[in-house]
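Chains as they are written, first to last, in the working numbering: chain A, 1 to 228; chain B, 1 to 555.
It is worth saying that the hints were derived from the structure and are not from the lab. The beta-carbon is built from N, C-alpha and C at its ideal position, and this holds for glycine as well. Don't take each hint at face value.
[What the hints assert, rightly or not] Covered stretches of chain B (in silico footprint by chain A; criterion: 3 or more residues with CB under 8 Å from a CB of chain A, positions within the stretch not fixed):
1. 165-178
2. 207-214
3. 392-400
4. 409-420
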Amino acid sequence: MRRHRLTRRQFLKTAAASTAVAGAGAATLLGAQTPASADHSHAAHRAAARPVVDHTQEGVGLQFFGRRQAATVQALAARIIPTDELGPGAREAGVIHYIDQALAGPYARDQITYLRGLAALDAYCREQFGADFVSLAPDQQDQVLADLEAGRATGFTVPSAQEFFTLVWRHTMEGFFCDPMYGGNQDFIGWKLVGFPGPVGFYTPEEMVADRVLDKPFTSMRDWTRPL
Amino acid sequence: MARQEVDVCIVGAGAAGGTVARELARAGLKVVILERGPAFDPREMRQMDEIRFGPRAGLVGNAQQPMVLRATEASRPVRVAGQASGTGGGTIHWAAMAWRFHEDDFRLLSKYGPRPGYLLADWPLSYADLEPWYDTAEYEIGVSGVWAPGGGNPFEAPRRRDYPLPPLADRRIGLVFREATRKLGYHPFPVPAAILSQPYRGRPACTYCGFCRLHACHTDAKHSTLVTFIPEALATGNCTLLTDCTVARINTDLTGRRATSVTYFDPAGAERELHASLFYIAANEHENPRLLLLSASDAHPNGLGNDYGWVGKARMAHTRPRVIALYDDQVMNAHIGPNHPFQAIDDFNADNFDHTGLGFIRGGIIFTNVKDAGGPLSFYDTLPPGLPRWGSAYKRYLAQYFLRYMSIDAWLEMLPHEQNSLDLDPQVRDRFGLPVARFTITFTDNCRALNEFAIERMKEIAAATGASSYFVLPQGPVPTAHTCGGTRMGFSPEDSVTNQWGQLWDTPNVFLGGSTLFPTMSGFNPTLTIYALAFRTADYIRREAQAGGSLTRYL
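This is chain B alone, in the form it adopts within the complex:
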C-alpha cells in the first residue's frame, strides 16, 4: 500500500493527545490532530472572573457533547452537558495535582485476589516500567514538589531523582493542616503541582493569584498542553491541528484488523474522512469508549476492540467527602494562592494503614483545600446544616467565615465493579444524530465503608486544627470526578481492550490514550499517569515505526 499522507491521526488535543502529537511530530512523523472543540488562544483567556468561569462555566461548559448519567440501571437517567473541549482539554481548567501512583496500585488482583462483583485486575505494566516516564513527564511539564529524602511523602513510590522544581510557597491553611496532622501522628507533605514555583523553560512562576481552578492561568505558570506541547508540536512543521472537528467513527478494512480512516464532522457540519496509517484515540474519559462502540462493523459487531465485551466495563470515579472547618477567631485566607491543596497525607491511602476489622480495602488521599474555585461564589452555598440561606443571619455567616474557613478534602479510590459501566444511550442523540454516552455509576459497598471511615478521620483533623465547628458536605449518588476505565489495559484480549501500550488487540494500528486505559484507579488524581503513559506509548510508536519495527507495515 502506498504511504499515506498522514502517518498518525490523533483524536483529542488534551493531555495525552498533546503529548503524543509533540513526541511523534518531533520524531519526523506527519501528524494530524482532530479536536472537536475550538482552538483557544491563551492570550484571550487571562480573565480572573468567577462569574465567567464559575457559574457560567466558561471553560468547563464549552461542552459540545451531551451525555446521560444515572446511578444504577433502576435510576432515573439525567441528561447533562459533557466534558470541556478545546485545545488543551482538561489541562486548562484543572487544579494541577501531579501524582505518581504507588507500586501496589498497579497490582490489585495479585495483592487482594478476586472479590465477587468487583473486576479487580493487575495493570500489564509495573510501576518500575512506568517510572522513567513519570520522570520524563515531571521534567517536561515542570512539576513543583519535593521527594521523600527531602521531606516529601514517606509513602511515595521510589524515584530516581527529586522533582525539577521546589514546592510552591506555603499557605496558611497548609501550615495549619500540617501542624494538626503531625499532632495526630500522620505525615503531611507538599502536594506535587504542575504549577511552576520558579520560572522554567520560558514560562514564569505562579503569582498565587487565587483564580486557578476552572480558569486558564493568567501567566501560563499552571501547565496545560495548550501553552506547551501543542505549540511545540506545531512548531516542528510536521503537525496539523484541525479544530471544531468531531470524530464520529473509526473505519477499518473488511477484515477489521486494520483501521483505515476516521469519519469526522468539520466545522460546518459536513461529514469528512481522514485517512491515516496509525491512530491515537485520546478523546476524554467518556468519548473513548463511546467512539469504539460507535465504530461497530460487520467485522466487529459490538464495537471496535469490543469482541470480548470489555469496552465500557470496569468504570470508576473518585468519591470525594469534604469537611468544612470554621474558625471564629483565626483568619485562614483560604482563597489565596492556587486552588491546589498544598498539604496532604498519604497515611490513609492504598494499603498504607492497617485495615484489620474495617470492612473495606484501599483508601485515598486527605488534604486541605479551598472550596471549589475559591472566591465568594464558591463559598456562598457552603452552609452548615440549620443555617438559613438568606437574611441577616446568612449575611453575617458569609461576612464572618469567608476568610475564616478551610476545606478538608479526600479523593477515595473506587474499585472497578460490574454495576458501573458505560454504553450508548438508547434514546438521546447528539447534534449529529449519534447516540450519546450513558454512564451508570454509583458507590460500591467498598466505597460506602471507606467513605464512613475517611470522614471520621477528616473530622478528627478538623478538630485538631482548632476549628470552632465543622460540618460534612453531602455527596450525590453519581460520582464522576476523575472517571477512569472503560477501555482497560490487560494481558490478553479475553479480559481487556488494549495491551500495555494502549494498542487494540485486534486492530494494532489503533492506540488509545487517557484514563480509560486504567484497569484500577488508585487514590490519586490520574493526570500525571495519563502523561506518563502517553510519553511511553509515543516512544513505543516512534521505535516501532522505524525500520524493522512492527508498525512499519502500516506506514
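Just chain A, with the same shape it has in the complex:
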C-alpha cells in the first residue's frame, strides 16, 4: 500500500534518526566520510556531508585567473624576484594577487595577452623539457625565461615571446612595489627590500640631508584613508 512506501527523502530522514542505521548506511548513501565517533547530531551530519576541500589550494580568491594559470604566473614572478638569501620574493609578496586583480580590472585589455602567452609558454616547456612551466626545476624555468626574453622561445605569435616576457616582468615589478592596497607588496616585502617606507607624508629638513638609511615606519595609503 502506498502509505507504507517511503520516499527516498523520508527514508533518509528516518535512517539518520535511527541509531542503528545512521552509522554506515547514511554515510554510504551520502557518499561522505564517516566520523569515527558516534556523534550523530545534526551538525555532525552536516559537517560530514560537506566534501573536504582545502580552498587555499584551489585558487579561490582569484578574480580572473584559473588556478593553474595563477600558479604559472606566480612561478614566473618567483623567478623574476626569487626567494633567496636576501629574503622573501615575489611569491611571498603576493604579486600574483596584484596581477590577477589588475587583469580583472584596469588592465583587462591585457587578458588576452596572458591567456595566449601562458598557453604558448607551457607548449614551449613541454617541447623543451616534457612538462609545464610550474613543474620544471628552477634552473629549467630560468632557461625558459631567458629564451622568452631573448625571443628564442618558439611557438609564440601574438604576443611574441619578448612581448609576453616584458609584460609579465612589468606587472611583476608593479606587484612587488605597489602600495599593499593593490594586493601585492604584502607585509611591505618589496618596500622593505629597497628601503622605501611609502607615503609617510613628510620628511624633516634634517632627514632631507641625512647620509644614513632613515628609520621610517612602513606605511600604506590605507593608513591615511578614513572610512567613507
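The hints should help you fit chain B onto chain A, whose structure is shown.
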C-alpha cells in the same frame, strides 16, 4: 553689433588659461572657460600612490585626445595618447621648476645670424619687456628661490628684486651635486621652485613627502591653477567654467577678420556653439596649432592664422640626456622631497661658455634629480648595461642601489628647424571624427653635437661626486618634453602667426597663450615664461578693452 553676453571665451583651463581667466574676471569682463577635461576636485586627489599616478598615469593619462608621433617624414608614425587634460592642465602633475629665460634667449637670430635649415628668429619682445611680468608671476604663484646677489645663479637675467620665498630645504643629492660642481669650477645654485618653502597666501609649505611629480600635491604647496587662479576667477562671479567640453573649431565672419564663436562638443557629445567678443586659445602645446588648422574656411583656406603657412612650423622640444650615478657605500635618499632638482648649474646653457671648436651653438641646464616620480616603480627599470633584469642579481641591485643613487639630468635647447613640424594626420581621427595632430620631430644636427658634449660634462660631474659607477640612459628618437612653437610670435604676418601679445595678425580678436607662441625655446623649462606672457597679455586685453582701446569694437 549688440554686446555679446560673453566678453571672453578661454579655451583651456591650464597655466595660461587659468591666469587670463582670473585677471580678466577680476577686471570685470564676463569670462567663459571651455575645458575639454574634467573638473578635478583637489580634495579627491591627495593620494600618494605610484601605481595610480605612475604606470596607470592617473593624471597624465586622462588624455582624451590621441595624436600621432613620428621622428621624420620617412619614419613609421605611432599613435599615442595625448596630453593630460582637466582643470589645472599640466600644472597639476609638473615638477614645478620656475625659470626666467636669459636676455639673449629672446634674440637668437640677431645673435647668431641665419643658419641653413634652421628657423631662427627673435622674439618680438625683449627680456626687459617681460621682466615685470616674470616678477608678477613669481609673486602671484609664490616661487621659492634666491637671486644672484643672495647666492643664486650668477648667470641669471637681471631682476628688480629677490624671490618672494627662500629656497626649499637642502637635500642630500643637492649637497653632493653642489660640492662636486664647485670642485669642477662651476656655479651651482638652488633651482627656483613653484613649491612653497613657507606658508604663503593661505597655502601651507611643502612637507617633502616625495610624491610630487605626476601627482597632485597633497597639501597644495606645489602650485597649480586648479587650487589658486581658477577658484579665484570663479569667486569674482564673472567667470563660468564648462568642463568636459572639447572645442573643435573657431568660427569667423565671412571676411575672416573677426572670430564670432567656437564650436564645441558638450559633455554628452552634442555639438554646440559659444559666441563671444574675444577669444583666448590656450589649449596646450599640440592642440593650439591643431585648432587653428581645423578652423580653415573660405577666408582662411589653410587654417586660421595660417595665410603664410607658419601654423605648425618651427616646433621644438627639449632633449634630455640623463646619467645615473651609483654609490656602493654612500646613502643618497634621492626619493625624499619634491621630485624637483634642488641644485643646478647654468654654466653650460645658452652662450654662458666658450663654444669655440665645439660644432654647435647654445646649451642647456644640468642638474641633479631623482629618477622620474622617485619611488621604486621609477627605479626598477633603471639598469646599467649588462645587468639582468630578473633573478637574484637583479634583486640585489635593487636592494643595494635604490637608496644609493642619483640622477644627473639635463634639459638641452633645441633650435627650431624645417624638419620638425605639426600638421593634421591624414588617417587617424579622434572620437568626434576630426583629424588628430601629427607631430614630426627628431634631433637636429645641433642637438646631436650638444648632447654628446653635455653627456661628457655630466659624466665628469658623476665622477666628481664620488660615484662608484655610472651609466647613461638611452634617449628615443622622438623628443617631446616641453614642446614649444607652432604658433610663433613675430614682427610681421609673413613670418609669424601672432604679434607680441599672442594676437593673430589677421583675426585680432583671437589671442593665443602657451608655449606654442615661443619662436625659440631656451634651455629652461617653459612654464614660468608661459605664466609671464599670460599675465602680460591679460593686462593688454584689459587695457585695450577699456574705453578708447583697440578691442572695444569687439565688445
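Hint-by-hint comparison with the structure:
1. 165-178: holds (count 5)
2. 207-214: holds (count 5)
3. 392-400: Since three or more residues must qualify, the claim that chain A covers the stretch 392-400 of chain B holds, with 6 doing so at under 8 Å.
4. 409-420: violated (count 0)
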